[in-house]
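Taken in order, these protein sequences are the chains called A and B.
Under numbering that gives the first Met the number 0, residue 219 is the last one in the first sequence; the count climbs by one each step, no gaps.
Under numbering that gives the first Met the number 0, residue 228 is the last one in the second sequence; the count climbs by one each step, no gaps.
It cannot be assumed that every hint is accurate.
To be verified - SDA-like, lysine to any residue: derived pairs with alpha carbons at most 20 Å apart:
#, chain 1, residue 1, chain 2, residue 2
1, B, K127, A, L120
2, A, K86, B, E168
3, A, K83, B, R68
4, A, K184, A, S201
5, A, K77, B, K83
6, B, K77, A, E87
Derived by calculation from the structure, the hints in this document are not laboratory data.
Single-letter residue listing:
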Amino acid sequence: MAGKPKLYYFNGRGRMESIRWLLAAAGIEFVEEFLETREQYEKLLQDGALLFQQVPMVEIDGMKMVQTRAILGYIAAKHNLYGKDLKERALIDMYVEGTRDLIDLIRVHHKFSPEEQEKNLALINERATARYFPVYEKVLKDHGTEFLVGNQLTWADVQLIEAILMVEEKVSTVLSKFPLLQDFKTRICNIPTIKKFLQPGSQRKPPPDESYVVTANRLD
Amino acid sequence: MSGKPKLTYFNGRGRMESVRWLLAAAGVEFEEVFLETREQYLKLIQDGDLLFDQVPLVDIDGMKMVQTRAILSYIAGKHNLYGKDLKERALYIDTYVEGTMDLMQMILTLPFSLPEAKEKNLPLIIEKAKNRYFPAYEKVLKQHCQGFLVGNQLSWADVHLLEAILMVEEKDPTVLSEFPLLQGFKTRISNMPTIKKFLQPGSQRKPQPDDKYVATVMKILKEAMYYSI
Numbered sequence: 000m001a002g003k004p005k006l007y008y009f010n011g012r013g014r015m016e017s018i019r020w021l022l023a024a025a026g027i028e029f030v031e032e033f034l035e036t037r038e039q040y041e042k043l044l045q046d047g048a049l050l051f052q053q054v055p056m057v058e059i060d061g062m063k064m065v066q067t068r069a070i071l072g073y074i075a076a077k078h079n080l081y082g083k084d085l086k087e088r089a090l091i092d093m094y095v096e097g098t099r100d101l102i103d104l105i106r107v108h109h110k111f112s113p114e115e116q117e118k119n120l121a122l123i124n125e126r127a128t129a130r131y132f133p134v135y136e137k138v139l140k141d142h143g144t145e146f147l148v149g150n151q152l153t154w155a156d157v158q159l160i161e162a163i164l165m166v167e168e169k170v171s172t173v174l175s176k177f178p179l180l181q182d183f184k185t186r187i188c189n190i191p192t193i194k195k196f197l198q199p200g201s202q203r204k205p206p207p208d209e210s211y212v213v214t215a216n217r218l219d
Numbered sequence: 000m001s002g003k004p005k006l007t008y009f010n011g012r013g014r015m016e017s018v019r020w021l022l023a024a025a026g027v028e029f030e031e032v033f034l035e036t037r038e039q040y041l042k043l044i045q046d047g048d049l050l051f052d053q054v055p056l057v058d059i060d061g062m063k064m065v066q067t068r069a070i071l072s073y074i075a076g077k078h079n080l081y082g083k084d085l086k087e088r089a090l091y092i093d094t095y096v097e098g099t100m101d102l103m104q105m106i107l108t109l110p111f112s113l114p115e116a117k118e119k120n121l122p123l124i125i126e127k128a129k130n131r132y133f134p135a136y137e138k139v140l141k142q143h144c145q146g147f148l149v150g151n152q153l154s155w156a157d158v159h160l161l162e163a164i165l166m167v168e169e170k171d172p173t174v175l176s177e178f179p180l181l182q183g184f185k186t187r188i189s190n191m192p193t194i195k196k197f198l199q200p201g202s203q204r205k206p207q208p209d210d211k212y213v214a215t216v217m218k219i220l221k222e223a224m225y226y227s228i
């Protein structure tokens with residue numbers, strides 16, 4: 000019986016955050032089970048719930064899905080966020096892969112030593128302002144509509160707003176040279192489902208802190 | 000006007016190899032442009048051909064596609080290798096290729112690691128293959144009983160798994176010894192006509208990376224790429 004999707008992960012952003020964003024944007028309520036002990040993780044393994052012994056895992060529509068991209072692709076397709084044909088899908092895939100690469104730089108940031116973090120921060124800033132944001136600024140300019148692909152919200156837009164906000168937490172002025180992305184940010188953040196997700200008390204997770212690092216390491 | 004897909008990459012496996020495999024399995028002829036100098040690469044960037052300044056680049060159906068997964072998904076979707084519905088596509092095929100991609104990614108980055116890392120990482124890769132990935136696919140084949148990973152015909156997942164199996168076997172020829180169904184799978188899929196052809200000498204399949212390949216890539220990209228697993 001299909002109820003709300005159930006997310007199994009640590010109590011923090013990590014790889015699961017993009018899934019929380021996409022479900023929230025689609026207006027889908029979900030529940031979460033947080034992994035806090037090794038015993039919980041071992042039980043999931045013993046129950047055969049984790050195909051490759053890894054989380055994220057999402058119970059959805061009677062299935063135990065693993066692999067972040069597969070989960071995101073399923074949610075996007077199911078909720079009309081994956082474009083209208085193969086070509087729009089191809090564009091969405093290209094764009095989300097780009098934002099995924101940028102998000103990954105930030106996702107691992109807290110694992111580094113202070114000196115490595117300094118270097119990584121410079122890399123994040125460089126990649127955001129010299130590789131990724133110019134591309135999306137140009138897409139918005141050439142495309143001339145409010146969204147990256149087609150004329151309605153897609154997975155590509157949701158992932159881009161997630162990336163923008165993540166980078167801004169590290170480099171607050173990062174959008175200063177990208178006026179169209181600034182408008183995009185304002186517009187997308189005002190979409191009702193997304194606005195709700197951005198309010199305090201939502202299931203959006205804060206950036207990683209000390210206790211998150213300890214918990215995740217304990218389960219590794 | 001769309002003709003054959005045109006692949007732009009270094010003259011070696013890297014991230015493009017999975018694209019070559021999938022096109023070959025689908026029976027689609029393709030052309031290749033090999034990056035041999037930094038000047039060629041910079042020209043591609045100047046011409047605006049590389050969306051994120053990266054290769055692989057595949058010119059296909061009037062699009063200059065980048066990002067390996069996006070390219071593979073498009074080819075799979077176009078050539079009936081992506082299952083018959085959303086469930087087959089996402090629950091099975093996408094999930095399975097993400098696993099084989101994680102495994103192949105480890106091998107792909109190995110030549111670019113520091114020497115000490117290489118020595119440590121190869122046994123780890125074999126261990127992951129034997130304890131994490133191959134058991135999962137052996138179980139899928141056992142439960143599914145159709146000879147393919149998904150549905151009852153060849154899909155992207157099967158092609159990708161065969162590619163991964165052969166790659167790991169190059170590092171450890173005994174790696175399938177505890178997986179009888181995967182052995183059967185390997186034989187069956189290798190004998191499918193388009194794939195058999197790709198496995199023959201003279202095809203566009205690339206050999207394992209050597210020092211020359213690594214040096215060429217690093218010269219062209221001018222990035223120090225020290226990956227750790």
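### Hint check against the structure, violated hint numbers in rising order
1, 2
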